[in-house]
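With the hints as constraints, model all of the structure from the sequences given.
Residue numbers (the working numbering), protein chains in the order written: chain Y, 166 to 255; chain D, 166 to 255.
Just so you know, these hints were derived from the structure itself, not from any lab.
Any given hint might turn out to be false.
Note that identical chains are pooled: a pair holds if it fits in a single copy or bridges any two copies.
[Unchecked claim] Derived lysine to any residue pairs resembling SDA-like cross-links, with alpha carbons at most 25 Å apart:
id, residue 1, residue 2
1, Lys226, Val209
2, Lys192, Leu211
3, Lys247, Tyr191
4, Lys195, Leu239
5, Lys195, Met206
6, Lys192, Thr234
7, Lys195, Ile180
8, Lys195, Leu242
9, Lys247, Thr234
10, Lys195, Leu181
11, Lys192, Leu239
Protein chains: 2
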Amino acid sequence: MFDYYIEGIGVIAAILTTSAFVPQAYKIYKGGISDGVSLTMYFVMLIGVAFWLVYGILINKFAIILANTVTLVLQILIIYFKLNHRNKTE
Amino acid sequence: MFDYYIEGIGVIAAILTTSAFVPQAYKIYKGGISDGVSLTMYFVMLIGVAFWLVYGILINKFAIILANTVTLVLQILIIYFKLNHRNKTE
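Encoded structure:
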């Protein structure tokens, strides 16, 4: 039972940190503003998130797998939007 | 021994995702550019990171504690810089 409470804290953490990324992804999608973060940094983050996902699977923790699966998808979308936007403005 | 390998993957993940935040914090510190991310979102992230830290302590995982301690400090600095920069421009 105690494990469920702990995993619940992880899920709350996952929802908070992941949802904070959604408006950023949307802003980049709209292309109206630059987020000032370089593409290189998004690639570094992407590899980092992939490592977190592997780590979460290896220690079998739902909250970590959940957070990093969603973040991985968001990061791929952000990179795609940034590349697409860059190509349009060039 | 296998646990050390798993924790090693977590530490690599921690280094990658955390180091990706440093240039963003530095850019906001310099105040030259906006990062396009709202203060509200940084507060949401901050609470999320605090939850991750509690989660990491509860499941006793070094990589999670390491990543979220560093990120927590960076997020507090970013919020401080953003507030400071906003006050200067007002």
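A quick look at each hint next to the structure:
1. Lys226 / Val209: Cα proximity of Lys226 and Val209: in one copy and across copies (23 Å, 22 Å).
2. Lys192 / Leu211: Answer is both: 18 Å inside a copy and 20 Å across each meet the 25 Å cutoff.
3. Lys247 / Tyr191: Answer is both: 11 Å inside a copy and 21 Å across each meet the 25 Å cutoff.
4. Lys195 / Leu239: Classified as within: same-chain Cα gap 14 Å, cross-chain 27 Å, threshold 25 Å.
5. Lys195 / Met206: Classified as both; 20 Å inside a copy, 18 Å across copies.
6. Lys192 / Thr234: Classified as within: same-chain Cα gap 21 Å, cross-chain 28 Å, threshold 25 Å.
7. Lys195 / Ile180: Close inside one copy (23 Å), not across copies (30 Å); limit 25 Å.
8. Lys195 / Leu242: Classified as within; 12 Å inside a copy, 28 Å across copies.
9. Lys247 / Thr234: Answer is within; shortest intra-copy Cα gap is 20 Å, inter-copy 29 Å.
10. Lys195 / Leu181: Within. Shortest intra-copy distance 23 Å satisfies the 25 Å Cα cut-off; inter-copy 27 Å does not.
11. Lys192 / Leu239: Both ways: Lys192 and Leu239 sit 12 Å apart in one copy and 22 Å across, limit 25 Å.
Hint compliance for this structure: every hint is met.
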